[in-house]
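Q: Sequence:
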Amino acid sequence: MKRLDRTEIIFKILSYTLLTLFALACLYPFIYVLSGSISSKQAVDNGDVVLWPVGINFETYIEVFTNKMFWISYCNTLFVTVYGTLVSMLVGITGAYALSKSRLLFGRGFNFMLVFTMWFNAGMIPTYRNFLNFGVNNKYMFIIALGFNAFNIILLRNGFSSIPSEIEEAATVDGATDFQILSKIYVPMSKSTIVTVAMFYAVARWNGYIWAQMILTSDEDTMLTVFIKNNMATMIENLSAGTWEPTYSIYGLQYAFIVCSIIPVIVIYPALQKYFAAGVNVGGVKE
Numbered sequence: 244m245k246r247l248d249r250t251e252i253i254f255k256i257l258s259y260t261l262l263t264l265f266a267l268a269c270l271y272p273f274i275y276v277l278s279g280s281i282s283s284k285q286a287v288d289n290g291d292v293v294l295w296p297v298g299i300n301f302e303t304y305i306e307v308f309t310n311k312m313f314w315i316s317y318c319n320t321l322f323v324t325v326y327g328t329l330v331s332m333l334v335g336i337t338g339a340y341a342l343s344k345s346r347l348l349f350g351r352g353f354n355f356m357l358v359f360t361m362w363f364n365a366g367m368i369p370t371y372r373n374f375l376n377f378g379v380n381n382k383y384m385f386i387i388a389l390g391f392n393a394f395n396i397i398l399l400r401n402g403f404s405s406i407p408s409e410i411e412e413a414a415t416v417d418g419a420t421d422f423q424i425l426s427k428i429y430v431p432m433s434k435s436t437i438v439t440v441a442m443f444y445a446v447a448r449w450n451g452y453i454w455a456q457m458i459l460t461s462d463e464d465t466m467l468t469v470f471i472k473n474n475m476a477t478m479i480e481n482l483s484a485g486t487w488e489p490t491y492s493i494y495g496l497q498y499a500f501i502v503c504s505i506i507p508v509i510v511i512y513p514a515l516q517k518y519f520a521a522g523v524n525v526g527g528v529k530e
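Under the numbering used here, the first residue of the sequence shown carries the number 244, and numbering increases by one thereafter.
Calculated from the structure, these hints are not laboratory results.
As the structure is a prediction and not an experimental result, all values here were calculated from the model.
Ideal placement from N, C-alpha and C gives every residue a C-beta, glycine not left out.
Heads up, a few of these hints could be off.
[Stated by the list, open to error] The calculated label-pair distances, taken between Cβ atoms and stated as ranges, are:
{"id": "1", "residue 1": "Ser483", "residue 2": "Pro431", "range": "55 to 65 Å"}
{"id": "2", "residue 1": "Tyr259", "residue 2": "Asn380", "range": "49 to 59 Å"}
{"id": "3", "residue 1": "Ala484", "residue 2": "Phe359", "range": "42 to 52 Å"}
Given these sequences and hints, build the entire structure.
A: Given below as structure tokens:
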């Protein structure tokens, strides 16, 4: 085994130390929110919770699990995340496949227009007006309206462009159609890029707030992020007016909502993390 010289040892010590500190800094908010959600009202309101829970009780979680609107918004967010990601990936994969082909008529122009939308856009108010004019006022239309993202399509296109053309030519000689080439060659060989982009879409749908707040105004279509924000505002208003005096901290209750809302991301992300580095590297090399 090769011995490390002094500079290499110092570099390793510093890098491992910095990475450890960075990991702890990222982990601390999760620990704090979890501890705050199961701590007593007095401990949370007085700021006594620093790392570990103080005066453990689960009253906030009882309130969460019995809140009907929380489960409605939770189901809506799951619906939009799952089906929104599927719609976006269908549009993205088919569009990226076409744009990756040099034989596409006016291909350079289409690619330029795609990139142009990343530089310039109409802005929030004109986009919002367009959504209203096209009847985007429920979760089903919401999925379709947000089904396109230029950056993610470019990642997919670049990933497809990295596949050797000889493979496609061999499949064409064997009589394969474009759909067969896409489904049996490009998709399996671009698994890392596809999973990475799918996670980008899923996280954006799950954490989406601005458009969900502006478009989905019905209680039946409320998204989880909107519910948590509005619920907090309502509790503070009722508490200030003196019309409500809970036995638990309202901040502890919000922490409990947050903990429940991030469970799917915590469960799914580690299983897909191995695809991220390869997917972004392959999708981000070419232009």
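Q: Indicate, hint by hint, whether the structure satisfies it.
A: Results for each hint:
1. Separation of Ser483 from Pro431 is about 58 Å and conforms to the stated range, judged on CB atoms against 55 to 65 Å.
2. Hint check: Tyr259 to Asn380, Cβ distance near 52 Å, so the stated range 49 to 59 Å holds.
3. Taking the beta carbon of each, Ala484 and Phe359 are about 51 Å apart, inside 42 to 52 Å as hinted.
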